[in-house]
Amino acid sequence: MKREAEEKLKEALLDAVREEVDLIERETGDVPVSVPASLIAATDAMVAEVKAADRRRRSLRRTVVAALVSLAACAVVILFVLPFADSDHETDFVTGLQAEILYPGGPYGFPDEIEIDPDRLERFEKAVRKRSAYFYSDPAEYTEEELDAIAERIGFSPDQRIESRISRWSNVYENPETGEKLSIDRYGRYAYDIKTDEPFGVYSLTDEESANAARTFLEDHHIPTDAFPEWEVSATEWNTTFTENGSIEEKTAVTIHFAADDQDGFPVRGGGISVH
Amino acid sequence: MSRVSSYALTYQSKQRTELVSVSEAIERIRRGEAMIGYEGDHFDSALRIVIEGLSCVYSDGTAANGEYVIQPFYVFFGTAYNQKGEETSFTAAVQANRY
Numbered sequence: 001m002k003r004e005a006e007e008k009l010k011e012a013l014l015d016a017v018r019e020e021v022d023l024i025e026r027e028t029g030d031v032p033v034s035v036p037a038s039l040i041a042a043t044d045a046m047v048a049e050v051k052a053a054d055r056r057r058r059s060l061r062r063t064v065v066a067a068l069v070s071l072a073a074c075a076v077v078i079l080f081v082l083p084f085a086d087s088d089h090e091t092d093f094v095t096g097l098q099a100e101i102l103y104p105g106g107p108y109g110f111p112d113e114i115e116i117d118p119d120r121l122e123r124f125e126k127a128v129r130k131r132s133a134y135f136y137s138d139p140a141e142y143t144e145e146e147l148d149a150i151a152e153r154i155g156f157s158p159d160q161r162i163e164s165r166i167s168r169w170s171n172v173y174e175n176p177e178t179g180e181k182l183s184i185d186r187y188g189r190y191a192y193d194i195k196t197d198e199p200f201g202v203y204s205l206t207d208e209e210s211a212n213a214a215r216t217f218l219e220d221h222h223i224p225t226d227a228f229p230e231w232e233v234s235a236t237e238w239n240t241t242f243t244e245n246g247s248i249e250e251k252t253a254v255t256i257h258f259a260a261d262d263q264d265g266f267p268v269r270g271g272g273i274s275v276h
Numbered sequence: 277m278s279r280v281s282s283y284a285l286t287y288q289s290k291q292r293t294e295l296v297s298v299s300e301a302i303e304r305i306r307r308g309e310a311m312i313g314y315e316g317d318h319f320d321s322a323l324r325i326v327i328e329g330l331s332c333v334y335s336d337g338t339a340a341n342g343e344y345v346i347q348p349f350y351v352f353f354g355t356a357y358n359q360k361g362e363e364t365s366f367t368a369a370v371q372a373n374r375y
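Respectively, the protein sequence lines represent chains A and B.
All residue numbers for the first sequence refer to the numbering used here, where the first residue is 1 and numbers rise by one.
All residue numbers for the second sequence refer to the numbering used here, where the first residue is 277 and numbers rise by one.
Chain B extracted, bound-state conformation (with noise of 0.2 Å):
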């Protein structure tokens, strides 16, 4: 048995959007306003991290209105270091337009 699921959506309205600033984005990440995580199983938390990269991504997801939406992200990536002194690397995903 397969299972096959499409979740493809044909939207109809788009409209340009500034992007915030890196240094706010890098805040949002502060406020706990992204989505973070480590490589390796055992790395659930860190002590410090190191921006190495940033990348700009469309995710799509749900609004607080309950409508879907495709919107832009940064992606940072680089090393994070936790108590025990190891490191791993890391991704953390920001919702880059203003909200």
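Isolated chain A (complex conformation) (with noise of 0.2 Å):
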């Protein structure tokens, strides 16, 4: 009797899901969306219907992030669509706080004329109207202890560090017998030159391909890949021109974007690991 109750409720629950998203993917038309957390219950069959909707998305994503990158590469876009709220816990705009765009005026000339057909602008509109979203701020910053412990991981000691983040907010390391170097700032994030005979290249992959390339390459010289979640495997790929010894050479850079899907999980980890 209890296995009955449970299945028609999990059919409940999953009816009530596969409705929401057709509700949703209705009326927002080209905006992407999510499935609200709270009706994503601990079923295989919704969860499965929610990847199906993710794997939509994130076409779309994939698109919009390759357009993103190349503009500029420091902008960094963390990949996952706006949480769905209810408007009745929309609030007023944080105080406090002026954020600003990389490149306000942008690096390339504005239109004269912007048109946009009406009715898309409309459901638009629609779309975005019962939406909230979030902003982050407030970074954690970590002790010259728990940096010690990063670059351990990486594979360098506390002994081998030459600068501390008290007098240049970087911990830097420096392993003696090959000279290579690690730095970490006070937020952990790290940079890391690898001497290696085998040139990092992907060329011509699918994110999910580059992603598994950079990961691999990641977990073979040790640098700690705990941040990505298992969901996210996308990557950006592009050529770029480094200048090593006087010299020039075109190499490529993969960076793997993560964040942790904060609607259920926050703190959220934002960022990026970048090879090349």
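Quick caveat, the hints were computed from the structure, so don't treat them as lab data.
Just so you know, these numbers come straight off a predicted model, no measurement behind them.
Where hints are given, some of them may not hold.
With a Cα cut of at most 20 Å, we get these calculated SDA-like pairs of lysine to any residue [as the list claims (entries may be wrong)]:
id, chain 1, residue 1, chain 2, residue 2
1, B, Lys290, A, Ser137
2, A, Lys126, B, Glu294
3, B, Lys360, B, Phe319
4, B, Lys360, A, Glu115
5, A, Lys126, B, Glu300
Simulated DEER-style distance windows between Cβ atoms [unchecked claim]:
id, chain 1, residue 1, chain 2, residue 2, range
6, B, Glu303, A, Glu152, 48 to 56 Å
7, A, Asp119, B, Asn341, 34 to 42 Å
8, B, Arg307, A, Arg153, 56 to 64 Å
9, B, Arg324, A, Glu146, 18 to 26 Å
10, A, Ala149, B, Thr364, 44 to 52 Å
11, A, Asp159, B, Glu300, 50 to 58 Å
12, A, Asn175, B, Glu303, 47 to 55 Å
13, B, Ser289, A, Glu122, 49 to 57 Å
14, A, Glu145, B, Arg307, 45 to 53 Å
Here are some chain A residues the structure puts well away from chain B; computed CB gaps all over 12 Å [claimed, not checked]:
id, residue
15, Glu144
16, Ala149
17, Glu152
18, Ser157
19, Asn175
20, Glu177
All C-beta atoms, glycine included, are put in the ideal place defined by N, C-alpha and C.
Put the two chains together into one complex, using the hints given.
Okay, here's the thing in structure tokens:
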């Protein structure tokens, strides 16, 4: 009896999720949507349904991300769409922070005319009217000991630290035998040169292939990869020019973007790891 | 030699924020408060753009006070036309929350 009730409940919830997804997609048209977390129950069928919706929005997302990276490599798009929120919970905008984009005015010329089909505009307006989003701030800072722990995971020991975050806001480590250096700033962001004869190069791969190649590379060189949620393997690949020892060469860089979906799992980690 | 860079941040604070209307976001583009780009090196300026799609994403960056933040952005995309009558695709990223 209990099992029957559970099955009925699962079916009812699943129908609700399907209905919600259909409704949202009908209302939002071209705007990708995510399913409200409150409707995502722990049933395999529901997870499958959500993943299907996720695949659809990822397809568009990859297009947008690739376009943005072509604008500015340092602009990092965090890869999840806006959470769908109840309008009852909307509040006034946060105060005290005047956020601005990286290149106000843009590096390119602006158009004299901007056109949009009125019906399309109305559809977009309707899609975003009921939504609110989140604003993240106050990134965590790490102690010197915590930075040492990160360095150890990469392969440097605390006694190889040659500079401290106390004086430079970054811990810098140097391996006296190889000359390799690692720098970790107070937020835990690091940069590390790997001396290897195996060039990291991936060309014309899909996002997922690039991400997996980069992930494998990182793991092979003992770079921490625990920041990658399993569901997030999207990556951006681009060709860029580097100057090393006075010579210029083309290399392929891959940035793996990741973000913890915080609808249930705040605090969020945002950013990426790039390899070139 | 390969270089690995990580710029992951763990954010400790989040606040719900209201999105501006799409019309207001388009006004922000008109005011030049957007990051816009065109497909193709030769296409550095457009006479006219036609918006065909919209996406909502989060982007990280530095606020005016120097603090690192993640905030929502609208990304418009569509077709751009220049004075020569050439066309290409464009994207325009606009901050989607109020400021």
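Item to check | Violated hints, by number in ascending order, as checked against the structure | outcome: 8, 9, 13
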